[in-house]
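Chemist: Protein sequence lines correspond, in order, to chains A and B.
Numbering follows this note's numbering, with no gaps: position 316 of the first sequence is 316.
Position in the second sequence (from 1) plus 1000 gives the number in this note's numbering.
By construction, these hints were calculated from the structure, which means they are not laboratory data.
Treat each hint with caution, since some may be false.
[Stated by the list, open to error] Pair ranges (Cβ atoms, derived):
| id | chain 1 | residue 1 | chain 2 | residue 2 | range |
| --- | --- | --- | --- | --- | --- |
| 1 | A | Gly379 | B | Gly1420 | 29 to 39 Å |
| 2 | A | Pro57 | B | Asp1055 | 31 to 41 Å |
| 3 | A | Gln222 | B | Lys1170 | 52 to 62 Å |
| 4 | B | Gly1286 | A | Asp31 | 52 to 62 Å |
| 5 | A | Ala310 | B | Lys1170 | 41 to 51 Å |
| 6 | B | Glu1029 | A | Ala34 | 32 to 42 Å |
| 7 | B | Gly1230 | A | Asp94 | 41 to 51 Å |
| 8 | B | Lys1326 | A | Gln222 | 55 to 65 Å |
| 9 | A | Arg158 | B | Glu1029 | 54 to 64 Å |
| 10 | A | Asp58 | B | Glu1029 | 24 to 34 Å |
Computed from a predicted structure; not experimentally measured.
By construction, the Cβ of each residue, glycine as well, lies at the ideal position given by its N, Cα and C atoms.
Below are the chains, spelled out letter by letter.
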Amino acid sequence: MRKTTNVRLLGALVAFVAVGASCSAQAGDSDPQAFTQIERGRYLAVTSDCVSCHTVPDSNQPFAGGRAIETPFGNIFAPNITPDPETGIGAWSDDEFDAAVRKGIGRTGSPLYPAMPYNAFTKMSRTDVQAIRAYLNTVTPVHNPRAATALPFPFNIRAAMRVWNALYFKEGEYTPDPQKSSEWNRGAFLVDGPAHCGACHTPKSLLGGDKLNQYLQGSYLQGWSAPDITNSTRLGLGRWAVDDIAAFLKTGHNRVSAATGPMAEAVKLSTSQMTDADVRAIATYLKSLPGVEDDVKPLPQDNPAMAAGAAIYRDQCSACHALDGRGVAKLFPSIADSSMVRSADPTTAIRIVLRGARSVATASEPTAPGMPSYGRQLGDGQVAAVLTYMRNMWGGAAPAVAAKDVTRVRSETASRPD
Amino acid sequence: MARRLPKKDVVIIGLGWTGSIMAQELTDEGLDVIAIERGPWRDTPTDFPPSYMQDELRYRVRHELFLRPDQLTFTFRNKMDQTALPIRSWGAFMPPNGVGGGGVHWNAEMWRFLPSDFVLKSHLTERYGKSFMPEDMTIQDWGITFDDIEPFYDRFEHLCGTSGTAGNLKGQIQEGGNPFEGPRSRPYPTPAQPQPFSQTLFAKAARELGYKPFPQPSGNLSTAYTNPLGLRMGPCTYCGFCEWFGCGNYSKASPQTTILPVLVRKSNFTAQDNSEVVRINVDRSGKHATGVTFVDSSGEEWEQQADLVILSAYTMFNVQLLLHSKIGQPYDPIANSGVIGRNYTHQTTSTVNGFFNNKKFNFNPFIASGSIGMCIDEFNGDNFDHGPHGFVGGAYMGQVQTGARPIESTLTPPGTPKWGASWKSAVRDNYLSTVKPGTGVHGSFYAYRDNYLDLDPEYKDRLGRPLMRITMDLHENEVKQNRFMTDKFAEIIKAMGADQLAKHYRTAPYDNTEYQTTHLNGGAIMGTDPKTSAINRYLQNWDVSNLFVLGASAFPQNAGYNPTLTVGALAYWAADAIRNRYLKNPGPLVDA
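With the hints as constraints, model all of the structure from the sequences given.
Modeler: Put into structure tokens, the structure is as follows:
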């Protein structure tokens, strides 16, 4: 008799544990067996790259939050979005989740900081966002209280975000343009919606809002300049074919370039896991954006910086990138064809010369070649000269890089992780 | 008491070439593999970037990439009646340390051995009679044939992207290649490296003397290459900093450039660096390894259990670990019994430097790769009749100059003062017009009863283990062989138009202070008889069947070629035996 009781107790315990483990599935209305919805949510979570901000890099607790997101206004700590009821989103209702993701309204009703790209995620439908929720309900719950975000005044006043929203936030789902192909529309939805490309690639106002007249024309964040990804010939993707862009997103490498820095992470966690059709759709859309077309003339060869840069390039760079600037496809980026090198804001180019950079490893391109750091043996003037040379060779043209730009980047990146 | 880690399927000791190959193969098989490496993790852009790698003082003179003798060294003597003393600064060879092992700092010369090299004893006995060889020479057949290993030579060549010109394609002799090589199933994956001036001139002179010169097969690539694992390599830039240095240009084949980026992505692979395996553990039967014990950099002992143990450290450390683990009977040269430490060999190298008129010859000698060079193979192995010459063995010879790094490239013609103004002006006058082939004569080193490895009776390492003792001397056969080879080589350098020659014969006694090569071999050799070999033809230990011992420690004697291609091919050969035979039925693959 006693034995039976124990068995019953054990049975009850098992049931309790089972409920405990799947209690997340009780959150909201999603069905833990709704495979189609969960899989759709997983894919949208990948395209949205949720895992990047909501996971401490290299930790084995995905979506458990805690990563410090650097903004010009201070660090914002990403919350735990695992289904843990106490510290995660396990106790949230579907409406609360939807409001946070698509409207930037926190569970308590106070506005979120736009480090959470709800201004992009608003392009998704409620069905999309509920699918993401359904997927998140299935990940391992982690008990991980959120570190408090403490921005300096006046940004610590959450209500101020209402002003920001009035200025910069346009709520609403993506509406397809019937004049365009379904591929183009899919690309536009991905770029402006889940993939939130503009978060890094569209310049920001002083208050951190998008400068829409410079849509995707390159920006600066976290010690990197994100390049222009419009079809601009000189500054953007004008010299890349759709296939080049698709290969870059899918593998992190193409005949011209390699993903490094924050883009390496975006490729690793997000774009490399998108379908071939989706990376092509993104490429098709980006190629349709006209961007800036200008007529900048290259500096003359007898410019002193060009002469010095030529000598430095020959000594230090040509072994890998070759005398003709074309490098080796998918191993050493082509300087000749790089618009990043000629970008209006040369921060990333300077940073890569000074500190080096590691390209991303993907399943199809596992080599992950790295650029070594030249900050020790090249002075600021020498870095400026060699970049000025690279920017104005092989048919390219861009204003000279000044030594003081190099000094600035050297100082800004001195204490940053690479 | 060692702390015990969760058991793995496979533990690999040493993550150099052979450890990396085996890890790649066995993780492909689905096994859970851990590799334990004594030295640090090393990677191309962070550890040998082209921005500072060309530092001759740091890497060449101060031995940056090698094991520090304070951590572990050996004792050395020439003869059995001498007392061995510890080596306190590396000389004759450079023990590797760290991920990638010697594959990081090698020259990447990628030679196949001759078919006759694998059946050396029977071949020479048949051709010349048993009495032609010295009585104390202990050469043996390998237990495998060239045909057995050819597919694995091919695999390793294609992994590395090897640049070369085939000399024998499926039995058809090819113009421009080595006509003496065994038949290869495929051409080299990339064309031979283009040759600079002095190498080209050597080939011309050799051709005029009736030889058939060919480009040295090279793991420094002539062109960009994507290997079968999807890893990309760049074309060599001829910077002249290969051996002693890592390659920052992704041009030199190494575990870093050809395997590791794929291996580290696998969830069934773990690497433990800065940890030295101190013992292979065996059960009470003595016939089954249970795993290894290693010490981390904090001095903590750990036990890693595994079903399969792969010993893939450098030759010396393989033998040392077998001795310390009491696996296999230690070799006793007096009783001529035992196997561990037996048939220890090196490489018989020498050179001839040629001094040319600097008004007529500017060689720009700094333009080079580690395995640049034009060579001839007429005098290697048994490619010629040894009958009249009274020695066995041979060498390839060639203008294989690997650069003209300034500290070690201050050659002056014989008769120049050793210092002062006239020395300085002679250095200046000769720098560009001297041919300095390095190991221009690259000869075989056969095995002898009194060249061996054992544990030193006196000296101990930091962990209290006896140091391993080297007893090694040059025998008359190798001295004669080298004299013959060096003279033949000098004729070609002379025919290039040199005004003066400086011949440097290899002479006895064996000099442990002068760098020769890092090609140490033997001590745990493969063979067909457990009385005279430590491992069978699959590199499986005769006594402990779940232990495989990879590397040049398996060579019964050394041929007149660089060993790495054969080392890599043997690793693939052993991996193939494990995957296709051992795992299906664990146990001895050859009945003793």
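Chemist: For each hint, tell me whether it holds in the structure or not.
Modeler: How the hints compare with the structure:
1. A:Gly379 x B:Gly1420: 29 to 39 Å: 38 Å, holds
2. A:Pro57 x B:Asp1055: 31 to 41 Å: Given a distance of about 33 Å, which is inside 31 to 41 Å, the answer is holds.
3. A:Gln222 x B:Lys1170: 52 to 62 Å: Taking Cβ atoms as reference, A:Gln222 and B:Lys1170 lie about 58 Å apart, which means the hint holds.
4. B:Gly1286 x A:Asp31: 52 to 62 Å: 60 Å, holds
5. A:Ala310 x B:Lys1170: 41 to 51 Å: Given a distance of about 49 Å, which is inside 41 to 51 Å, the answer is holds.
6. B:Glu1029 x A:Ala34: 32 to 42 Å: Distance hint for B:Glu1029, A:Ala34 holds at roughly 38 Å.
7. B:Gly1230 x A:Asp94: 41 to 51 Å: 43 Å, holds
8. B:Lys1326 x A:Gln222: 55 to 65 Å: 57 Å, holds
9. A:Arg158 x B:Glu1029: 54 to 64 Å: 56 Å, holds
10. A:Asp58 x B:Glu1029: 24 to 34 Å: Distance hint for A:Asp58, B:Glu1029 holds at roughly 28 Å.
Against the hints set out earlier in the document, no violation occurs for any number.
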